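Visitor: Each chain, written out:
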Amino acid sequence: MRKNFGWRVRISVAMLVVAVGVAIATTSTVFGKTNSKHAVAAAALKCGMGTGKPATGSPIVLGAIATNQPGTSFTDIPYMANAYFMCVNANGGINGHPIKYDVLTDMTVPAQVIADAKQLISTDHVVGIVGNTDILDCAVNGATYAKDGYFLIDAGIAAQCYASPWSAAVNMGPRYSGDGAAQAAILHGAKTIVIDQSNVPGYQGNAAGIQLIAKAHGVKVVSLSATASSINGETEAERIVQAAGSNGAADLIFTPPVAQQILQGAQKLNLVNKVIWTCATPCNTDSLAKSLGPVWNHKLFVNAEMSDVHDDTGPDTALYLSVLKQYGSAVSGGIGSFSQFGFVIGQLTVQALLSIKSHVYTKQTVNAAIENLKGFSTDMLCKPWYYGKAPVHLPNNTDYTVWPQNGTMQVVPGSGCLQISSFDPEVGQVRAIEKANGL
Amino acid sequence: MPSWSSFQPFIPIGLALGGVFALSGVGMVVLYRATGVLNLAFGAIGALGAMIAWSLINNAGVPSAWAYVIAVLVGGFSTLLYGTIFGPLLAARDPLVKAVATLGFALILLGLMSWLWNNNNITRSITFSTDNSTAFSFSAVSVSWTQVIAFGFGLAVAVGATVFLRVTKVGTAMRALADDREITATLGVPVRRVEAAAWFGSGILAGITGLLLADLDTLDPTTLTFLVIFTVSAALIGRLRSITVTFVAAVVIGVVDNLVTPINSITNYRDMTPFVLAIVALLFFARGRQYSFARGGVR
Numbered sequence: 001m002r003k004n005f006g007w008r009v010r011i012s013v014a015m016l017v018v019a020v021g022v023a024i025a026t027t028s029t030v031f032g033k034t035n036s037k038h039a040v041a042a043a044a045l046k047c048g049m050g051t052g053k054p055a056t057g058s059p060i061v062l063g064a065i066a067t068n069q070p071g072t073s074f075t076d077i078p079y080m081a082n083a084y085f086m087c088v089n090a091n092g093g094i095n096g097h098p099i100k101y102d103v104l105t106d107m108t109v110p111a112q113v114i115a116d117a118k119q120l121i122s123t124d125h126v127v128g129i130v131g132n133t134d135i136l137d138c139a140v141n142g143a144t145y146a147k148d149g150y151f152l153i154d155a156g157i158a159a160q161c162y163a164s165p166w167s168a169a170v171n172m173g174p175r176y177s178g179d180g181a182a183q184a185a186i187l188h189g190a191k192t193i194v195i196d197q198s199n200v201p202g203y204q205g206n207a208a209g210i211q212l213i214a215k216a217h218g219v220k221v222v223s224l225s226a227t228a229s230s231i232n233g234e235t236e237a238e239r240i241v242q243a244a245g246s247n248g249a250a251d252l253i254f255t256p257p258v259a260q261q262i263l264q265g266a267q268k269l270n271l272v273n274k275v276i277w278t279c280a281t282p283c284n285t286d287s288l289a290k291s292l293g294p295v296w297n298h299k300l301f302v303n304a305e306m307s308d309v310h311d312d313t314g315p316d317t318a319l320y321l322s323v324l325k326q327y328g329s330a331v332s333g334g335i336g337s338f339s340q341f342g343f344v345i346g347q348l349t350v351q352a353l354l355s356i357k358s359h360v361y362t363k364q365t366v367n368a369a370i371e372n373l374k375g376f377s378t379d380m381l382c383k384p385w386y387y388g389k390a391p392v393h394l395p396n397n398t399d400y401t402v403w404p405q406n407g408t409m410q411v412v413p414g415s416g417c418l419q420i421s422s423f424d425p426e427v428g429q430v431r432a433i434e435k436a437n438g439l
Numbered sequence: 440m441p442s443w444s445s446f447q448p449f450i451p452i453g454l455a456l457g458g459v460f461a462l463s464g465v466g467m468v469v470l471y472r473a474t475g476v477l478n479l480a481f482g483a484i485g486a487l488g489a490m491i492a493w494s495l496i497n498n499a500g501v502p503s504a505w506a507y508v509i510a511v512l513v514g515g516f517s518t519l520l521y522g523t524i525f526g527p528l529l530a531a532r533d534p535l536v537k538a539v540a541t542l543g544f545a546l547i548l549l550g551l552m553s554w555l556w557n558n559n560n561i562t563r564s565i566t567f568s569t570d571n572s573t574a575f576s577f578s579a580v581s582v583s584w585t586q587v588i589a590f591g592f593g594l595a596v597a598v599g600a601t602v603f604l605r606v607t608k609v610g611t612a613m614r615a616l617a618d619d620r621e622i623t624a625t626l627g628v629p630v631r632r633v634e635a636a637a638w639f640g641s642g643i644l645a646g647i648t649g650l651l652l653a654d655l656d657t658l659d660p661t662t663l664t665f666l667v668i669f670t671v672s673a674a675l676i677g678r679l680r681s682i683t684v685t686f687v688a689a690v691v692i693g694v695v696d697n698l699v700t701p702i703n704s705i706t707n708y709r710d711m712t713p714f715v716l717a718i719v720a721l722l723f724f725a726r727g728r729q730y731s732f733a734r735g736g737v738r
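The listed protein sequences derive, respectively, from chains A and B.
Taking our numbering, I'd label the letters of the first sequence as residues 1 to 439.
Taking our numbering, I'd label the letters of the second sequence as residues 440 to 738.
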């Protein structure tokens, strides 16, 4: 009996080792690539002060919170900001001080998001909070940030990220990006727009702007929602097409994996040409264009809150691509809006830090510098970005429309910069503030 | 209420998914009949195979066909591994304990997959070349070969398993084990080998199920792991005994779950389909009987 059991255990362990070995072997290719990328990180990229010498002073501690759960991950944004910070640290940091960046994640659990903010503020003693991209953060931690005097540069999701004096986002978030996608659909003749989105907390607000814009153009709106983790691509695609009817459009507000599921479902059911397919910014990633394949060439209009890196030959885009290549091993989605957000957040933060003439980096000085940011120009945005004192912040309110073309997302020819419609009342409010302040 | 034409496109989608649920349901029932184990790790095992297949294809450049074979074998051997280690240790325990143990195995596999494939930003998918080839059409609804294969495979496995259990020596031994493990052993039946065959065969079906669901649904470890709920419901409706009833139940669950999609008032509640159908069926079967979870618990 004992002998038999030993034989069984040996065979079992051998099989387990083989199974785990296969799994690790098949995933390790990715790990291998990332390590090799790190190995060449010493090339002469100029970021921040551009001294070419590593910063060795006491660190400036910054923090971020990002949603990371199956089907919904926004970690690429702070990870790309961190990639830029690594480049800055290799170039003298901020007057000799390296940036230390704590990125915490959560799974859309309010208690966890509150605990993350508490850790950043009370335990890690961060002097600035930048790069937050979280479904709940602005809603549950807003009062804390306001009370403690933090001014966030983030990639917003919840409405509070935009309708507050303490947060300015580099992106538009699902609501305004969804507006942009709807505008593309209207521009291409849609008579009905079906909004489909994940039923995460606060999702209902994303449809409000689209409904007002559509109403102003005499277009009907149908609002659908689904739990991202239980979506069947084919079922959801058929559901959308039926709701859209003839001359209809779909406005997808999902993360890339879920959007891919629906779009591939549409492809399997031959529904690609049944409606005008549009998508909010998360779909602006080459990995999605590549996985969809050439069938989707010019068939999907994606609102892109940042420029198309394939056409953009500006210095910021060139630096973004270089930093992504050399320091962005953790940025899993690669080239796309998410990593562009992170890069711009990094640049804005460094510009704010370098503007502190006293070279004293406390919570007060850092957040004052962030709030004073104004006229930040980059070739990634249609117009200059600003913070400033205002009850609402939506500095990125004019953007691009891209579509898949042979595995990449490229600007729709002739589309130029698209102003998000002022029929969405909050956009109208922001435009009024810009006009009053000469922005 | 939507028109009939609104429901039609959801029929082939539901039949295909129902066929895959039937495939896994049959694997679950056969294993239960042979070992007394309700394998709640069925979905996680399939997911592991599918994730490995994806990595082999996309990271290691392995041809798809070989990757699929490996995925199926991973399902078979990982199930056999569990059965070999824990089957004998838990043989005398209550079926509920055995089922909970497999739930633990499922969570371990889910954790392993979350660790190995921790990147939630990547868009992963498994697509078969048959996805975009139309097998036939009806009323402007195209049915792909993948959908035909999924349903056909479920049907074939159900028929094959029924014949296997009735005709073959191993199948007869499995049925004998289901009735009384100890007496079967005293009759000279190599219990461990028969059980191992059941574990391995069930695991192979889990591997195939994982690949098909990765194409028909999504390649996501969590989603695939918990799609086992549909399978368990079908198997429970079949009272963990009848392959025929399990097959029919799985197909009905798949079709009903999809057919309620166009009905806006209830479409957001369609995830309840397997639970509702299972409860209704169990209440129907339990009329005038005492029902327990233990094997042979219906009196």
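Derived by calculation from the structure, the hints in this document are not laboratory data.
Treat the hints with care, as some may be off.
Cβ pair distances, simulated, as ranges [stated by the list, open to error]:
no. : chain 1 : residue 1 : chain 2 : residue 2 : range
1   : B       : I622      : A       : T227      : 25 to 35 Å
2   : A       : K220      : B       : G550      : 38 to 48 Å
3   : A       : Q204      : B       : D710      : 13 to 23 Å
Since this is a predicted model, take the numbers as computed values, not measurements.
The C-beta atom is built at its ideal place from N, Cα and C for all residues, glycine as well.
Visitor: Taking 13 to 23 Å as the stated bounds, is the beta-carbon spacing between Q204/A and D710/B within them?
Guide: holds, 20 Å
Visitor: Does the Cβ pair K220/A, G550/B satisfy 38 to 48 Å?
Guide: holds, 46 Å
Visitor: With respect to the beta-carbon atoms only, verify the hint that I622/B and T227/A lie 25 to 35 Å apart.
Guide: Cβ of I622/B to Cβ of T227/A: about 48 Å, so the range 25 to 35 Å is violated.
Comparing the model with each earlier hint shows a violation of hint 1 alone; every other hint is respected.
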